[in-house]
Each structure stands twice: as C-alpha cells, then as structure tokens.
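Chemist: Please model the entire structure based on the sequences and the hints provided.
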Amino acid sequence: MPSETTPCNCSCVLLLLASLSSLGAKQEAPSHQERFASPRVKYERAEAEAKARLDKNPKDVTALTERGLARLSLGMIKTGVADFEQAVVLDRSSGKAWACLAYGLWMAGQLDSALAAARQALVNDPEEASAHWYTGRLLLLTNGNLQEAKGHLEQALQLNPEEAGIRLDLLMANRAAGDLKRAWAQLRPLRALLSTSDSRLLYAEGLLASDFGRWDFAIDRFRLALTANPQMLEARQGLGMALVQTEKWQEGIDVLSPLSNEQPQSFRVAYLLAVALQHAQRRPEAEQEARRALKLNPSSKETAELLNRLLAH
Amino acid sequence: MNRNHQKTYGLVMVLLIGASRQAWSQPPQDSAEILSTIGEALRSGHREEALQAADEYERRYQNDSEALSRLAMLMSESSQHQAAVREYARINELRPHTPDVLYNLGVARYHLKRLDEAAQALAESADLEGGPAEIHYSLGLVASESGDHEDAVIEFRHALDRAPQRADFHYLLGQEYFQLSYWEGAAAAYQHAADLVPTQALYFAGLGETRLATHDYDGATKALERAAQLDSTFPDIHYLIGYGYQKQMKFDIARKHFEQQLALLSDHLESLASLGFLAVEQDRLADAQKYLEQALAKAPNHEGATFDIGRMWLKLGRNDRAIEAFSRVLQVNPDHTQAQYQLFLCYSRARQPALAQAALAEFKKLEELDKEMSRDQVNLERARKVRYQESKN
Numbered sequence: 002m003p004s005e006t007t008p009c010n011c012s013c014v015l016l017l018l019a020s021l022s023s024l025g026a027k028q029e030a031p032s033h034q035e036r037f038a039s040p041r042v043k044y045e046r047a048e049a050e051a052k053a054r055l056d057k058n059p060k061d062v063t064a065l066t067e068r069g070l071a072r073l074s075l076g077m078i079k080t081g082v083a084d085f086e087q088a089v090v091l092d093r094s095s096g097k098a099w100a101c102l103a104y105g106l107w108m109a110g111q112l113d114s115a116l117a118a119a120r121q122a123l124v125n126d127p128e129e130a131s132a133h134w135y136t137g138r139l140l141l142l143t144n145g146n147l148q149e150a151k152g153h154l155e156q157a158l159q160l161n162p163e164e165a166g167i168r169l170d171l172l173m174a175n176r177a178a179g180d181l182k183r184a185w186a187q188l189r190p191l192r193a194l195l196s197t198s199d200s201r202l203l204y205a206e207g208l209l210a211s212d213f214g215r216w217d218f219a220i221d222r223f224r225l226a227l228t229a230n231p232q233m234l235e236a237r238q239g240l241g242m243a244l245v246q247t248e249k250w251q252e253g254i255d256v257l258s259p260l261s262n263e264q265p266q267s268f269r270v271a272y273l274l275a276v277a278l279q280h281a282q283r284r285p286e287a288e289q290e291a292r293r294a295l296k297l298n299p300s301s302k303e304t305a306e307l308l309n310r311l312l313a314h
Numbered sequence: 027m028n029r030n031h032q033k034t035y036g037l038v039m040v041l042l043i044g045a046s047r048q049a050w051s052q053p054p055q056d057s058a059e060i061l062s063t064i065g066e067a068l069r070s071g072h073r074e075e076a077l078q079a080a081d082e083y084e085r086r087y088q089n090d091s092e093a094l095s096r097l098a099m100l101m102s103e104s105s106q107h108q109a110a111v112r113e114y115a116r117i118n119e120l121r122p123h124t125p126d127v128l129y130n131l132g133v134a135r136y137h138l139k140r141l142d143e144a145a146q147a148l149a150e151s152a153d154l155e156g157g158p159a160e161i162h163y164s165l166g167l168v169a170s171e172s173g174d175h176e177d178a179v180i181e182f183r184h185a186l187d188r189a190p191q192r193a194d195f196h197y198l199l200g201q202e203y204f205q206l207s208y209w210e211g212a213a214a215a216y217q218h219a220a221d222l223v224p225t226q227a228l229y230f231a232g233l234g235e236t237r238l239a240t241h242d243y244d245g246a247t248k249a250l251e252r253a254a255q256l257d258s259t260f261p262d263i264h265y266l267i268g269y270g271y272q273k274q275m276k277f278d279i280a281r282k283h284f285e286q287q288l289a290l291l292s293d294h295l296e297s298l299a300s301l302g303f304l305a306v307e308q309d310r311l312a313d314a315q316k317y318l319e320q321a322l323a324k325a326p327n328h329e330g331a332t333f334d335i336g337r338m339w340l341k342l343g344r345n346d347r348a349i350e351a352f353s354r355v356l357q358v359n360p361d362h363t364q365a366q367y368q369l370f371l372c373y374s375r376a377r378q379p380a381l382a383q384a385a386l387a388e389f390k391k392l393e394e395l396d397k398e399m400s401r402d403q404v405n406l407e408r409a410r411k412v413r414y415q416e417s418k419n
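Going line by line, the protein sequences match chains C and D. Be aware that the first sequence starts at 2, since it is given in the numbering used here, and climbs by one per residue. Be aware that the second sequence starts at 27, since it is given in the numbering used here, and climbs by one per residue.
If you are wondering where the hints come from, they were derived from the structure by calculation, not from laboratory data. These numbers were taken from a predicted model, which means no experiment stands behind them. Be aware that one or more of the hints could be misleading.
As the list claims (entries may be wrong) - Here are the simulated DSS-like cross-link-like pairs (lysine-lysine), alpha carbons at most 27 Å apart as the crow flies:
no., chain 1, residue 1, chain 2, residue 2
1, D, K282, D, K316
2, D, K276, C, K182
3, C, K182, D, K397
4, D, K248, D, K273
5, C, K43, D, K276
6, D, K390, D, K324
7, C, K43, D, K139
Modeler: Written out as structure tokens, the structure reads:
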C-alpha cells in the first residue's frame, strides 16, 4: 500500500544536520559533555549557537537552516519552517535550504508543498541527497508516481549508501510496486547497517514475511519490534493482522482492541478486529466493529459480507 | 557478527570494578565498625540487614563525603549498584564537579545499565580531568553499549593516546571498527592488541574474523589457527578455521576442523551444515544426508542446510524432494538466486517446461538484482572507507 512508509523520520534530520555542519563556521571539537548530552540538550545548544550567529549576521543562510532544523527537532515546527522560508528567500538557488524547507513542510503535514520544495531543491542541486530522499518519500506518502519515487530513492542511495532510512523507504517503494523480491533484497544491506534489535528492521522483516505468507516468522519479528519499541503502531497493526491470519483469535483481539481505540479512523484495524471477534463468538461486539469498519470504508465488500453473516445468525 | 563480544564483556566488567580511582585515609573507629557490619551482612547474604545498616550509616554521615565514599565503594564491590549510585549521587551533591566522584558515579550507573546518565557523569569527569585513560575507556564502553560506535571509537582512541600499551583497549577499538564495518581499522587494532599480548587467543580471533569479513581467507586461517593454538576451546574457533579453508577450496582440512568443532560441541549447528555441504561437494551423499538432517532437526529453516539437502536430492535423482527443498529455501529467502537456478534445473529434468521457463525467468531477474546489489555493496564499501579515513583524521 503506498501509504505505508517506514516509521521513523529522525534520521532525515540527522542527514541534513550532517551535511550542514560541514558548511558552518569552523568549530572546535565538541567537549565530552557536548557529545554525550541528551538529544534535547544538543538541539537546544544548536539552536542557541545558530541564533548567536544570526545575531551577528541575519543573512547567514546556513545558520538559519541549522536553527530551523534544531527547532523542528525541539517540536517547534512553525518557527522552524519560518527559518527555512527566510533561508530560501535569502538564497533562492540553494539546494540545501529548499531541502530543509521540504522537510519542515513535511513535518507540518503540508505534503504537496513539501514535495514542491523538494523538487525545487533538486532543480537547484541535482546532487542533493536529502532532496532526492524527500521527493521519493513524499511521492510515496501522496500516492504519487511509484516509479519516480523509486528513482529518487535509488539516486539518494547512490549518493548516501550508508543511510538506512533511505533503504527502508526504497524497500517500501518496491513493496508498493509489487516487486517483493527487490524489496526483500534490501534486507541484506539493512541487516549490515542496523543492529539486530532495531525496531525498523524487525518491522520491515515482519512486513515482508507477511507478504510472503510466512506468518509465524512475521509474528516473531513484529513481537521483537514491539519489544524494542513498544509504541510502534505499525508493528502492532502488522502483528494484529498476522495473528488473525493464523487464526489466533484471542491474541489478535488483545492486540487489536487497544489499537482500535488509538486509531479509530483505521478501517483495516476495525475490520480485522471484527473478524477476530466473530471467530471468538463475540457476535455483538463483532457486529459493532463491522459496522464501524463499513462506515470508514463503505465500498468494502468483504466488510459488507462479514456484517451480513453476523446479522444472519 | 563478532562472536567474541560476550567474552569481552566479562573482561570489561572485571576491569571496571577494579578501576575505581579513589584513595582515602584510614576511617574513624566507629565508621569502620559499621562498615564492617555491613560488609559482613552482605557476605553472609543478609542483604536487608545490610541495607538497613547502610541507611543508618548514611544518616549519620550524610555530610561527610569521605565516609560516604567508603560506603559507596563497599556497595560497588558487593555489587549493590543501586545503593552505590545513591551514595555517589549524594557525594556528587556534596562535592560537585569532582572528577573522581563523577567517574565512580558514572561507573555505578553503567552497572545499572542507566547508560545515558552514566555517559553524562563520565563525560563531565573527562572534561574536568582529561588525563586518565580509564575515564575514556569507560565512556567508550558506555557509548558502545548504547549503540553509539562512532563515539566509542573516539573514546577508545583517547584512552589509547594515554595508554598505548593497553592491548585490551586496542582490542575494544577493533571491535568498534568491526561494528562499523571499518575493516582496515579493525584489522590494525586487533593486530596491535595481538602484538602487545601475543598469548591472548581473543585478539587473534578478532583479527581472523576481520580477515574473513574482507575475504582474506588465507590471512584469516593463519590468525584463527594462532588463536586455536593458544586456546583450543575458544568459542567457534575450529568452525571459523574450517570456514576459512572451505572458502580456499581446501575441503579436507576444512572437514577436519569442522569435525574438531563437533568434538568440542556435538551439536554445533554451522559445523553440521558445513560438513553437509562438504559431503555434497565430495559426493559422499550418505554422510551429507546424516549431517544435513541433523542440522535441519536443530534449525528447520536453516537456509544453507536446506539448499544443500536439495543439491543432495538432485544428485540422488530425487527431483521431487529437491524441488521441495529449493522451494523451501526460496520461502525462507525469496532472493536466493542459486536456489532459483536449481529449481529451474529440477523442473527441466522433470520435463515440466512451463515451470522450468518460469523458474528461469525468475532466476534471470534475481541474477540482475544480484548485480545491482553488488554495485550497491561496492558503493557502500567505498563510502565506509571514506568515513573511516575521516574518522582517523
């Protein structure tokens, strides 16, 4: 499904920060306390340092983008985006500033504008790895052209082969395009790049195992992903689906019930829960969930059939 | 995967406990008596009693950092890390920004796996007093366990700047480089460790594994054999040597080592699978069946063993069983190019042209995919080399 993407965006900002730091003013090696500070402290320091540079030179585009990225990481989305907007006004030909703006707009939920900014970044600098990555990812998120998305992600990977996040997105793009073996092939380098307990890797393994019908392996991977990251919604959803597929009705209900409360707009969760409840002989609850699923997706034939079966009893 | 990690971890813990850096004057009589009571209670397993006495001691000497330090050290030595952290945190309040206190606080937190807090205390200690190697070493360990291998490299290198003769530091640096797939750095660091302490099997094994990772099988077997001479029971050592010889196509020597590994550990999975592989290669099909079935009994989804048992069935003319095995390989690993090719051969022999054509088409796709992934791997290796050079500078 095109809307399914890898769950973590944190490495996107790291890629940008890494590329920007080489552009910034020459700095002394950070102290131990700076290197080992919590991420929040690091971002606060980055924001303060960029601000100090901007106080001296308000037209410092690199400082603006660094402050914007620090602000995004601190959850200050609006002010972060404002910094990027100012940066592109000051330097309309910069690839990096437009890439940062794309990232900010994406975080602000403005996906179409983000995509336009990422494309502009590539017009300015066709070698801007992060802009290729965002263009690919945003095309996936907006149900855009899959082949184009794959092309951008492959280009991003060519420029930055060590970035696991790009590989995870490429895996998802190949999966969305139905090329499951190509998606699977990305697991090889990912296993070398990520630790075996990385929830994103475990989730991707679970998802692909589901695609190939290896449900027991999928369940194992989703459970491990949740051990590493108990809040990972995608893994909970994958686990719920795998449990229903393997007719583990009660375990499925245990996973899907809380998920249904947390994601009341998810058709898939509502439908799977209805199926599990039906098989667990909890018909009134199954009917309620089936009705809810049908409301979320009125054209779903399978849900209509399920509801009919429930009403027939 | 670096198989030596677990063994190193034991080494690390011992070093940390022995690395406390504090010197005191003799304790006053009354405080010494209470400490002795606490120590005795801990040794005889009366933990509650000991902790009660510790509470009493803490109340009495709540503003005496030296007295509290004695209690903290006793707690550390008795593996009462929770209590040790509490004492060191209190001492840190009394004597803030003191390198020794921060160091001990960091180490105590490390034992509780409170890695972020451990790093912060150790980092402050390192900034206040850049000198002792132990601080950087401890910080390297914390970074490593947090998965921050790049900072771990920086810290182990700081430690080595201060104590270049410490073979264990070189070894740990090698492990971090290995984790980052910086093979050149890993090999150099392991080699340094081995040069400094040529009696330690661990260092040669690390070097050997790095050589395996870079496909230098001759160099790998030399280093691994040295490790085996030093410690013939080193985990997996004969399997690794066998693997190195297998890759050099020296099958008889490889076989001998896999058998030696099985003599040490009769159900060593990879050795069973490898002996199965060799038996198929050498047309000893009864042997192959024995080893591969043993491996698959232990690990039913073992990719290599399943593939080799497929090859065995093919040699025995059992197309049906071979097809079943290769299909199972592809279920476990859908991009297994060789299994796809073998499937094509099976269907061709079974005179099933449609299935053979389909298998061949899939094989060609996978072959193309392999080429792409090889190019990707080369690109990745190049990027890593650049990063390694940058990290050195």
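Chemist: Please work out if K248 (chain D) and K273 (chain D) have their alpha carbons no farther apart than 27 Å.
Modeler: holds, 14 Å
Chemist: Hey, K43 (chain C) versus K139 (chain D), does the alpha-carbon distance stay inside 27 Å?
Modeler: holds, 22 Å
Chemist: Does K182 (chain C) sit within 27 Å of K276 (chain D), going by the straight-line distance between their CA atoms?
Modeler: Answer violated: K276 (chain D) to K182 (chain C) is near 34 Å, above 27 Å.
Chemist: Against the 27 Å threshold, does the CA-CA distance of K43 (chain C) and K276 (chain D) hold or violate the hint?
Modeler: Distance of about 54 Å is beyond 27 Å: violated.
Chemist: Has the given pair, K390 (chain D) with K324 (chain D), been kept, meaning a C-alpha gap of at most 27 Å?
Modeler: violated, 33 Å
Chemist: Assess, step by step, whether the Cα of K282 (chain D) is no farther than 27 Å from the Cα of K316 (chain D), and give holds or violated.
Modeler: OK: K282 (chain D) and K316 (chain D) at ~17 Å, within 27 Å.
Chemist: Take the C-alpha atoms of K182 (chain C) and K397 (chain D), compute the straight-line distance between them, and say whether it is at most 27 Å.
Modeler: holds, 14 Å
The structure fails hints 2, 5 and 6 (numbered hints given earlier, in ascending order).
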